[in-house]
Amino acid sequence: AQTVTQSQPEMSVQEAETVTLSCTYDTSESDYYLFWYKQPPSRQMILVIRQEAYKQQNATENRFSVNFQKAAKSFSLKISDSQLGDAAMYFCAYIPESGGSNYKLTFGKGTLLTVNP
Amino acid sequence: DAGVTQSPTHLIKTRGQQVTLRCSPKSGHDTVSWYQQALGQGPQFIFQYYEEEERQRGNFPDRFSGHQFPNYSSELNVNALLLGDSALYLCASSRDSRSYGYTFGSGTRLTVV
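Keeping their order, the protein sequence lines are chains L and Y.
Residue numbers are given in the numbering used here: position 31 of the first sequence equals residue 31, and the series is strictly consecutive.
Residue numbers are given in the numbering used here: position 106 of the second sequence equals residue 1106, and the series is strictly consecutive.
Take these hints with a grain of salt, some might be off.
As the list claims (entries may be wrong) - Here are a few chain L residues that face chain Y, going by a calculated C-beta distance under 8 Å:
#: 1; residue: F64
#: 2; residue: N67
#: 3; residue: F68
#: 4; residue: K104
#: 5; residue: L105
#: 6; residue: G110
#: 7; residue: T114
#: 8; residue: N116
Stated by the list, open to error - Derived lysine-lysine pairs resembling DSSO-like cross-links, with alpha carbons at most 30 Å apart:
#: 9; chain 1: Y; residue 1: K1026; chain 2: L; residue 2: K78
#: 10; chain 1: L; residue 1: K55; chain 2: L; residue 2: K70
#: 11; chain 1: L; residue 1: K78; chain 2: L; residue 2: K109
#: 12; chain 1: L; residue 1: K73; chain 2: L; residue 2: K109
#: 13; chain 1: L; residue 1: K55; chain 2: L; residue 2: K109
#: 14; chain 1: L; residue 1: K55; chain 2: Y; residue 2: K1013
#: 15; chain 1: L; residue 1: K109; chain 2: Y; residue 2: K1013
#: 16; chain 1: L; residue 1: K73; chain 2: L; residue 2: K55
#: 17; chain 1: L; residue 1: K109; chain 2: Y; residue 2: K1026
#: 18; chain 1: L; residue 1: K70; chain 2: L; residue 2: K109
#: 19; chain 1: Y; residue 1: K1013; chain 2: Y; residue 2: K1026
To be clear, the hints were calculated from the coordinates, so they are not data collected in a lab.
A virtual CB, placed ideally from N, CA and C, is assigned to each residue, including glycine.
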């Protein structure tokens, strides 16, 4: 069974600084997708960034980037130039690649990010 | 373009009652999944509907059931409510593809008293 582990229940960062959130996962699949979702107090889960396992290049979306280490099964999120609006719960998630009968998005327990002015 | 819409936003029910939650997927999406998120936890997969059929189910009892309509909207039904069913219920939609993740609604906060 696939599992996703986020070892940092809470993190804090000063505005304009950089913070890295950690995520590890366990799977026997070779092809899969990884995601970081943000959940602010509004409760809606918002997709921040995605990574295809077959791509060695790390994904980047503006101030958000990932460090994907497939052999280590590690998928960390780096937020640069942190803004007050980045404060939220962040979830790492995994789903196997298309094909097969597993459509379940597996989430970690989340990391609560606080941004201090 | 409306995203995923869920109703109601909040609900209070008594133990033993039944509840129905509703979800309209994002335009162009044909697949609907339901997740339960307990306080301080990550979402847990309940089931997924595609072509009006339950395609995959998570580790939830039969008290949890669902339906998908021809317009792709969906309902989640929970019978014989327990206090432990209190949670945020999230609906997620997608085209029939896993590669781009799912689009989530803002959820229904269910409180069982």
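To see whether the hints hold, each was checked on the structure:
The beta carbon of F64(L) comes no nearer than 14 Å to any beta carbon in chain Y, farther than 8 Å, and the hint placing it at the interface is violated. Nearest Cβ of chain Y to the Cβ of N67(L): about 19 Å, over the 8 Å cut. The hint is violated. Hint on F68(L) is violated. Least Cβ distance to chain Y is approximately 15 Å, over the 8 Å limit. The interface hint given for K104(L) holds, since its Cβ lies 4 Å from the closest Cβ of chain Y, which is under the 8 Å cut-off.
Contact between L105(L) and chain Y, as hinted, is supported at the beta carbon level, the nearest pair being about 6 Å apart and thus within 8 Å. With its C-beta approaching chain Y no nearer than about 5 Å, G110(L) sits inside the 8 Å limit, and its interface hint holds. Nearest Cβ of chain Y to the Cβ of T114(L): about 15 Å, over the 8 Å cut. The hint is violated. Look at N116(L): its Cβ only gets to about 22 Å from chain Y, farther than 8 Å, so that hint breaks.
Using a Cα cut-off of 30 Å, the hinted pair K1026(Y) and K78(L) holds, with the two alpha carbons roughly 29 Å apart. A distance of roughly 10 Å separates the Cα atoms of K55(L) and K70(L); the hinted pair therefore holds under the 30 Å criterion. For the proposed pair K78(L) and K109(L), the alpha carbon gap of about 18 Å is at most 30 Å, so the pair holds. For the hint pairing K73(L) with K109(L), the CA-to-CA distance comes to about 17 Å; that is within 30 Å, so the pair holds.
Straight-line distance between C-alpha atoms of K55(L) and K109(L) comes to about 26 Å, which keeps the hinted pair within the 30 Å bound. As the CA atoms of K55(L) and K1013(Y) are separated by approximately 47 Å, the hinted pair breaks the 30 Å bound. Proximity of K109(L) to K1013(Y) is assessed by CA-CA distance (about 27 Å); at most 30 Å being required, the pair is judged to hold. Note on K73(L) and K55(L): the hinted pairing holds, with a Cα-Cα distance of about 14 Å set against a maximum of 30 Å.
About 26 Å separates the Cα atoms of K109(L) and K1026(Y), which keeps this hinted pair within 30 Å; it holds. With a CA separation close to 21 Å, the supplied pair K70(L) and K109(L) stays within the 30 Å bound. Only pairs whose Cα atoms come within 30 Å are accepted, and K1013(Y) paired with K1026(Y) is accepted, the gap being roughly 28 Å.
Consistency with the previously given hints fails for numbers 1, 2, 3, 7, 8 and 14, ordered from lowest to highest.
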